[in-house]
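**Student:** Produce the entire structure from the sequences given, and follow the hints as far as they go.
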Amino acid sequence: AVDPALGALPLLLALVLFLWTPPHFWSLAIANRADYAAAGVPMLPVVVGSERAAWAVFWSTVALVAASLLPVFYGAGPIYLAGAAAGGALFLRKSWLLARAPGRKTAMGSFFASLLQLSLVLVAASVDPSLCNQAVELLHCDNLRIYTSDDPIGVEVGGAIKNVMAIATGLADGLQIPDHLARAAGH
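For the sequence shown, the numbering used here gives the first residue as 498, with consecutive numbering after it.
It cannot be assumed that every hint is accurate.
Claimed, not checked - What follows is a list of derived Cβ distance ranges for each label pair:
(1) Ala-534 x Asp-670: 43 to 51 Å
(2) Ala-598 x Gln-673: 28 to 36 Å
(3) Gly-572 x Leu-641: 48 to 56 Å
(4) Thr-645 x Phe-522: 32 to 40 Å
Honestly, the hints are just simulated from the structure, not real lab data. Heads up, the beta-carbon is just placed ideally off N, CA and C, and yes, glycines get one too.
**Tutor:** As structure tokens, this is what we get:
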């Protein structure tokens, strides 16, 4: 049966997503400060200035990177560690450059680094065998069987076929194709 209690690992991964949001959006807000000010939108750089907002980006990035490394102490493996460390190092570097010289170029550098950081963390979490095994153990029950696969091409092909079938079914419904033809398309 599935354990309804949340463990440390899922809570830490949720914390990473939560902490990622401020430096990501504040970097973009610094880059587009004039637009937000003209529209009367009180984004952080409009309210406190780009310099203070840039330091807020840096320190919130420090907190994010620290939090993104914590799952290693709760069962995440070396693949996760590599993704979190590489993405974190890049985001820290770019947010440091932003704090030292706030401007559109450094703000966009920090913004794009935030995208890469989150992508690396999520991809690493998705392929790390330690996390995959924990997910299978956590979610497996009589009504839900979860399997891991070492065949990414097979998984992708299966997913593509499923998507084609879903689109065909949607088209059949939308175009009001007769039932016997819709069933042939998988509906």
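**Student:** Going through the numbered hints above, which ones does this structure break? Give me the numbers in ascending order.
**Tutor:** 2, 3
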